[in-house]
Every structure is written in C-alpha cells, then in structure tokens.
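Chains V and D supply the protein sequences, listed in that same order. Mapping to numbering that gives the first Met the number 0: the first sequence position 150 is 149, numbers consecutive. Mapping to numbering that gives the first Met the number 0: the second sequence position 116 is 115, numbers consecutive.
Just so you know, the hints here were simulated from the structure itself, not pulled from any lab data. None of these values were measured; they are calculated from a predicted model. From the three backbone atoms N, C-alpha and C, an ideal C-beta is built for every residue, glycine too. Among these hints, one or two may not hold up.
To be verified - SDA-like, lysine to any residue: derived pairs with alpha carbons at most 25 angstroms apart:
#: 1; chain 1: V; residue 1: K39; chain 2: D; residue 2: Y130
#: 2; chain 1: V; residue 1: K36; chain 2: D; residue 2: T133
#: 3; chain 1: V; residue 1: K209; chain 2: V; residue 2: E199
Claimed, not checked - Label pairs and their computed distance ranges (CB to CB):
#: 4; chain 1: V; residue 1: R133; chain 2: D; residue 2: F3; range: 19 to 29 angstroms
#: 5; chain 1: V; residue 1: V210; chain 2: D; residue 2: Y130; range: 46 to 56 angstroms
#: 6; chain 1: D; residue 1: F164; chain 2: V; residue 2: S28; range: 50 to 60 angstroms
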Amino acid sequence: MAQMSSAASTPLSSAAADPLQSQFARVRSRRSDFIRKLRKNTGAILGLFILGLLVLAAILAPVITQYDPIAIDPVNRLQSPSREHWLGTDPFGRDLYTRVVYGARISLPVGIIAVVISATTGTVLGLIAGFYGRITDGIIMRLIDILLAFPDILLSLVIVAILGPNLRNVMIAVGIGGIPRYTRLVRGSVLSSRELLYVEAAKVIGVPNKVVLFRHILPNVIGPAVVLSTLSVGSAILAAAGLSFLGLGAQPPTPEWGSMLAGGRQFLTTSPWVTSVPGIAIMLTVLSVNLFGDGLRDVLDPRSKKD
Amino acid sequence: MLRFIQTRLLLTIPVLLGVSLISFSILHLIPGDPARILLSDAGGSGGGGDASEQAYLNLRAELGLDDPLIVQYFHYISNAIRGDLGYSYTTSQPVGNTIIDLLPATLQLTIFGLGIAIIIGLVLGVIASMYQNTWIDTLTMIFSLIGLSMPSFWLGFLLINFMSFRFGLLPASGSEGIQALILPSATLGLVAAGTIARLVRSTMLEVLQQEYIVTARAKGLRYRSVIIGHALRNALIPVVTVVGLQFGGLLSGAVIIETVFARRGIGRLAIDAVLSRDYPMIQGTILVAAFGYVIVNLIVDVSYAWMDPRIKYQ
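Isolated chain D (complex conformation) (with noise of 0.2 angstroms):
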C-alpha cells in the first residue's frame, strides 16, 4: 500500500511541474508584450494607449521579463511555492490572499453539490437497477438522461425563477448562510447526479448477477438486505472514481453556477479576470483550481486502492 502511495506520488511531480509551466506560459502566450498590454490596459483611452518608452521599460524590468525565459519560471515558481502569485491588474491586491479568501465559498458549493449529486445517483440507480427494464427503471433513467443534457445555468434560472422569485422560499443570490448555498448546490448536484444514477444502475446490474449473490439470495436473505449489504457495497468501488471524476466536472460547473447565482466565489474570479485579462489572476485561479484537483484525485486513487485491494497489484 505504501509502495503504492509512493509511486502514485512520484508520478503526480511532473504532472504538477506541467500545470505549473502552463500556468506560467500564459503570459509568454498571449499575443503581444505584457507589459505592453499592461499599460495599454491601465491607460486607458485617455493617452492613445501610448504608454511612454521608459514607463514601458521600468515595467519590464519589474515584472522581470528581461531574465531569461528559465529564470522567469524558476521565480515564478519559488514565489507561488512561498504564497506570492504576484498582485491583480485589476484590483492590485494579491492574488494569493484574493484567493484564499474566495476559496471556502467554492468548496462549500462543490462538497454541497457533490454530497446531493451522490444521495440522488445512488437512490436513482440502486431503484433503477432493482427494477430493471421496469417501467421505474425508465423513468429513473429518463431524468438521469435529462440530467445529462440540461445546461446547468438554464436550470439554475429556472430554480431562481420558481423557488426565489414566485414562491419566495430561497434566495436567488448572495454567498451568506446556509439558505443561499441550497439553491446553487442543487443545481450542481442534480446535473451530476445522472452520471452517477447511470453508474451505479450498471455496476449494479452487474454485481446482482455475481455468484455470491444468488448464494445469499439462495440462503433466504431479504432482497433488501442483499442489495444493501451485499451488492451496493461492491458496486460502490467503480462509483468513487467516477465521484474523484465528478469534483473535476462539479469544479467546473460551480464556475457557471456561481455566475448565475451572482455568488462569491473563484469560479467568478478566474471568469472575471479572463474578461477583464488580469493575467496574474487568471495564472493564480487556474494553478490552485488544477493543482486543488491532482490532489483530488491522488486522494481519490489511493482510497480506491485501499477499498479494493485488487488495484495495488494492478
């Protein structure tokens, strides 16, 4: 298990060395010199955008873009090992702290919704695969399949509309309390949960015609009872990586969600600063956001291992 853990965490190095180079290269990508855009940016119209050549200068120096493009990365790199993602374009203030500050109200909607995604996916696919190739079964999978194809954000309006604003139970937006997280996490949640219920109806389809099984079927346990205790339990080990899976798609879906739900959060943030090319920001969303996900997904893999002792030995 060890041996495992150890492996798993050396092969994560390069892939967290690669996030950060693309993290990195964003600004040596974009067309155009930064500083350039920079002061374009911070001037305005008012100028003509012609910053004056030492301003131009200075600011290259600052930002260091005169070192070669290997000591850039390597700064790059120390800084943000040591918390420093540089300073907004926007807002001047430092990414890091902007982040740290938006990051619980993230999460809280990503546990939210994948906690109500998993509820419903196992209901939905343990009742569907129970009854299968009833009508039960169709319906469940019929609103798995619509899961599937909704666009979260016209579900989220269509929330708004009928929960907030016609009968007045939930808040249609904000970031405070609990009443304001129920709205948006549903929506998260119920888009991903049709993933889940179709998962869970097939590997349970699946684990039902096991051996042992009909063998506790056969030694007059409740069907209730050997679904509960014999085959859920099995078909859950596939779940969780596909749940490792979902936090990538629900990290992804909180990004509209908490658009539409005017929400705090840095989803918006990395969305705000693409529209507004804060570059820094976008480096500092974009490298915790894939970075936050490696580790979910490391965490994910070595539970998985830890479930199904098949897995270590590959």
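If we strip away everything but chain V, and leave its shape as in the complex, we get (with noise of 0.2 angstroms):
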C-alpha cells in the first residue's frame, strides 16, 4: 500500500525509462539551481552571513567574552566604550559587549521558538481546515478570525496577562498571535491542491485521510509557509523583545535585548551607548534575518522577483 501510494505521488516518475534516477537528477537540478539563484542575491547572502556570525556569536559566547553578563561591578559603572569594555557597560558595571552577545543567546531562540508555535500550530489548522471542509472549517476559521481581532501586542497582553509575565509565556504570546496567517496561507493552498490528480489517486485506492493529509498534500502546501517562517523570525524576535522592553518579558537581570534597552533609559543623554548597542543588536539580527527572508521568497517566487 506505501509503495503504491508513494507512485501515486509521484506520477511522473514511471514515464522515465529509469524513474529513480531521473527523479534523482531532477531534484538535483533543481536543488543547484535555488543554491545558485540565492547565490545571485546579495541581499540574501548578506543576510545569511550576518544571521551566521549572529549564531556563531551565541554559541561561543563563553570563548570570545572575558566577563560575566550578569555580576554586577559597581566601580565600572557607566563607562564609556575602551580597551577594556568594547562597547561600554551599563549602570551595573556590566560589560556590554558581553551582555550583548549573550543575548543573542535568548533573542534568536525567543523569535525562532514563537515561530516555531506558530507555524507548526498554524500549519496543522490550516490542513485540518482546508482538507475536511464544512463544519470543521467554519469552526477553525471562526476561531482564527477572533485572533485576528486583537492586534499583535494585545493578543500577547491577553496571554501575558493569564500566564504571567516572564520569557516563556511571550513565546507562547508571540507564538500563538503568528498561528493565524499561517492557517489561513496553508489553507488556500490545501484548497487548491486537495481536488489535484494525486490526491484524488491516493483517496481512490484507500489511502487513509491522515497520511494522504500529512505525506501527500502537507509537502505540496509546505513551501510558502517556509517562507512565511523565514519572513517572521524578525518580526517575531522584535515583538518578542518590544514585551521584555515593557517589562513583560525577560526580567532584569537576563541579558535580553529589549529589557537592557529599557535599563538604559534614564541614561539617554550622559551614556547613550546603553540604549545603543542593544538597540543596533536588535535592528542587525532582524535586518538581517529579513534581507535572508526576501531574497529566499525572490527565489522560490519568481513571481515577486525585483525584475
């Protein structure tokens, strides 16, 4: 029955004179193609090379800094950038350079986590909607309708609200307002291709509704949700930290972006390095995250293409 259905899937493939192996060099082909496509896209390739110091950044944080994010040094407070402080310390002592790039350590996990929720959650809705129709989608879609009435930041004040405010729950906050355009993405695409030839196969032979939904149409429908995942890690992470800089979030002391931005207010005049920094981190890793995010939907739709 697997090896029916998997040759229902892909019909083409019997045509060849040997299917596996033009299948093989077709998906080659294509994969070389987007690899040099992107390799064309400056923007993209900026975005990515940014986004990897970015993470190289969070995983060696520990070998390319000397202090402690969090040990407070009063003597050093305030301190303009040096030899010693890179990019200064704030009104604790602490080192910037090194809260910053420990929080890179939190800021790309928060954003990459929400989206996570939301994509995965959304992605579900979305096939669960479009596939079963009627009732099912009317009741789905309602819901995501009433999400859709609260604004992004309301939305995560509502779940701040009832969970608590700390870094856990604005990922489920951020998370949980994302679901709704993933849903409604997945699920014009699962209409479009649930009256398709292969489908219609795999239902004919027996196929049950789960694994035609998650092995046949889920890896059809799950292209442009990628791009959308891609696209909203920025806005994800400045949502994210937009919260902790409310004092929603993360709680002093943890090094993250928003809330050491908010640390640095009173201090705005005589030490604006406090704000600075956290704030360019911020704007560096969502730009770049962005650049990497356009030039990946350039790619894939080239129907968006600058030209």
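If you follow the hints, you should be able to join the two separate chains into one complex; please do so.
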C-alpha cells in the first residue's frame, strides 16, 4: 500500500526509462538551481552572513567574551567604550559587549521558537480546515477570525496577563499571535491542491485521510509556509524584545536586548551606548533575517522577483 | 453593495462575541481564585496575605463569582453594552470612564502616525517604482527595510536624544499640545512607512506594466501625469487593505510608544494594568481596543469594495 501511494504521488516518474534516476537528477538540478539563484541574491547572502556571525557569537559566547554577563561591578558603572570594555558598561558596571553577545543566546531562540509555535500550529490547523471543510473549517476559521481581531501586542497582553510576565510566556504569546497567518496561507493551498489528481488517486486506492493529508498534501503546501516562517522570525524577535522592553518578558538581570534597552532610558544623554548597543543588536538581527527571508522569497517565488 | 455590507456585518457578530468571551475569560483563566488574588493584592503583606474567610466569601458574592459561568458572562456582556466595565482594582475608578478619558490621546497618536506612514510610504514607494533598479530604488528600499527592522522603542529613544536633549526642538515627553505629539507619531509613522513603501512599490511596478499605461504613454501623455493620474490610482487599491492592517500594527505600536514617551493613553494603561494585575482594567482596555480594531477593519473592507467593484462579486 505504501509503495502504491508513493507511486501515486509521483506519477510522472513512471514515464521515464529509469524512474528513480531521473527523479534524483531532477531533484538535484532543482536544488543546484535554487542554490545558484540564492547565491546571486546579494541581500540574501549578506543576511545569511550576518545571521551566521550572530549564531556563531551566541554559541561561542563564553569563549569570545571575558566578563560575566550578570555579575555587578559598581566601580565600572557607565564606562564609555574603551579597550577594556569595547562597547562600554551599563549602570551596574556590566560589560555591554558581553551582555549583548549573551543576549543573542536569548533573542535568536525566542524568535525561532515563537515562529515554530505559530508555524506548526497554524499549518496543522490550516491543513485540517482546508482538507475536511464544512463544519471543521467553519469552526477553525471563526477561531482564527477572533485571534485576528486582536492587534499583535494586545493578544500578547492577554496571554501574558493570564500566564504571567516572563520570557517563556512571551514566546507562547508571540507564537499564538502568529498562528492565523499560517492557517490562512496553508488552508488556501490545501483547498487548491485537494482537487489535484494525485490526491484523488491516493483517496481512491484507500489511503487513510491522515496519510493523504500529511504525506501527500503537506509536502506540496509547505513551501510558502517555510518562506513565511523565515520572514516572520524578524518580527517575532522584534515583538518579543518589545514585550521585554515593556517589562512583560525577560526580567533583569537577564541579558535580553529589549530589557537591556529599557534599563538604559535614564542615561540617554549621558551614556547613550547603554541603549544604542542593544538597539543596534536588535536591528542588525532583524535586518539580517529580513534580508535572508526576502531573498528566499524572491528565489522561491519568481513572480515577486525584482526584475 | 448593501448586500456585501450586510454579509460583512453579520460575519462581524461572531467575532465580537468571541472577543468579548476572551476578554471575559481572562479573569477565569488566571491560575488561582480571582477573589483570593484580589484580597492578597489589596491586603499587601501586612496580614500575611491571609484574608479572613468572611471577607473572601463576601468578595466572591460581590464579584458574582458564585453564579454559573454562563450567567456571569451574560452579566458581563449586558454591563459592557451599557458601558459598565467594572471598577479598577488599583484606582477604584470606573474602567469605562478611564478608558474614555484616555482614548482620544491614543487615537490622536495612531491617526497622526498613520498619516505620516502613508505620506512617507507613498512617496518612497512611487519614487522607487519610477526609478526601478537604479540607486534611488535601492536606497529607498534599504530605508524601508531598516524601518521594518528598527525597534520602535530604540528609534523613539534616538529621536528623544537628538531632537529633545541635543537640539531642544521638541518635548521629550508629555501629552499636551501638538508639539508633544510630533516625536511619538513620527516614531510610529517611520517604522510603519517601510511596509507601505514596499507594497506601493510592488503594486506600482505591476500596474506600470498594464496595457492602459502603455496606451497612455503611447498617446503622448507626460510620464509624471501617467504615474499620478493612471498608475497610482490603481496601485492604491491594495494599499488600502494594508493600511487597515497597519492600523492594528500602529495600535500595538502605540502601546510601546506611549511608554517610551511617557504619554497618557490606553496602551500605557493596558501595560500598567497587566503589570499591577488590575484585571477589570485589562479586560476593559482589551475589549475596547479589539472592538475598535474590528470596526476599523470593517470600514476598510467596505471602502475597499466601494473602490474596487470587482470585490463585491468575489
């Protein structure tokens, strides 16, 4: 049965002389085509490069810094950037370079986990709504409409108000806020691919609904959802940093960029680096994610290409 | 058209009910008994957090917590419709009055921010599309990408630092007068302008390839009048929807901006309510904001259908 269904999902391969060989060749050429196009996209490469550096910095944080990100050092408070403290120190005398590097260990995973929450939940809901239709679709889509009635931060406020202010709940809040976009996107793709021949074929030979849905439809509708995920990591990082800035997420002394920025507000004129360093960190991270996401979309969706 | 509005209105009803249900549920979803939380918050640490059993029972009865949930929800809705959103735990003031007091300030900020975003977004988007693939295009797109990636709270701090502290041009905080509105709404607008600019650029590029544009050019019309008279008009249609969505984004942005600039408004009210666990205030602000957002989107949808007759017939 499994063999039959996989054959049904790739009906074209049976036409070639050596089906498996030509299938491999096609996948390989598609992949090299993708990499070639991505390489030509300066923005995507730049974004990937900065992102790579940030990830590397996050992993190697203890190796590439020499101070403690949390221990207070009153003697060295609010030092301007110098040879000892490359990016200066904060009001508690902590080295800002160290804190901003350790901050990457928080902000990057927070953004990614939030997106994983919204992408997986949203995709599953979209699959179910699109495939089963009728009442199931009606209920899911009305729930999504209700979620959409709350502007981003307000929904997060509701969730944080219920669960309490901390970083984990911010991830959940930002994650839930992102669900509707995936559900709508995936549902749309499912609706159009539900009628396709390979789905009909799989159904006719008695493949269970669940298998049709996850093994045959999912791989064909996942592309746009992946692009959307890449594009949303940036806004998720921004949203999470914003909530921490407001005091609803990471709590001091955690070296989270948003809460670091909030801690520097009284020193705007005297020590602007206290706010600028985490500010630049957030902007650079989000910018690199957006550049990469834009490039990925251009490559995968030729219609949105620049020329 | 009337039919379209009718359907759209009907679809709004379950959404509004859902919103009210979520707002109502906040009090019931928090871990622990609301009456106990309220008593321990109000009692502080003086009594060791142990409120007397009688006070607890009284409060439960007063809050109507002994009624079945469906009855409580019905009370909540019927009170809300009459404008009674309960009393703040922290100030003891009626929630409805506090919100009505602060709503104009937030609306002012949001509308000014939206205005700035639309003006900058339109200008940048049109220029970028006119000079496609030149350095002007690249520069405007880099600007909008930075806008998309910039945390508004940091941009706010930068503007405060330069425009207020360094050059003393504008007040850094406060809610009185038009001067105090400029920096906050500029912050809000600059961040949102990026999205609009990108959208205007891409829809303009699409429209510019249409046959009627070629015709207009071929019959000898000036490029500028083709851009403004023919292209922009049609490119604006999809922009309207995004402006509706942006309104929600700006409302969210206002929450942060009001904190950055220490402005009065329902955004800051909501944050303070969450931080001080003032549940009636949280419920009230969220209910009002979500209702407002739903209604703005309804207006946007209707005006969209009015501008583009194809929508009505799906």
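Consistency of the hints with the structure:
1. The hinted pair formed by K39/V and Y130/D meets the criterion: a straight-line CA distance of about 22 angstroms does not exceed 25 angstroms.
2. The straight-line distance between the Cα atoms of K36/V and T133/D is roughly 21 angstroms, inside the 25 angstroms bound, and the hint therefore holds.
3. At most 25 angstroms may separate the alpha-carbon atoms for a hinted pair to count; K209/V and E199/V meet this at roughly 14 angstroms.
4. As the Cβ distance of R133/V to F3/D is approximately 24 angstroms, the hint placing it in 19 to 29 angstroms holds.
5. The beta-carbon spacing between V210/V and Y130/D, approximately 52 angstroms, falls within the hinted interval of 46 to 56 angstroms.
6. Taken as a hint, the range 50 to 60 angstroms holds for the pair F164/D and S28/V, whose Cβ atoms sit roughly 59 angstroms apart.
Checked against the numbered hints listed earlier, the structure breaks none of them; every hint is satisfied.
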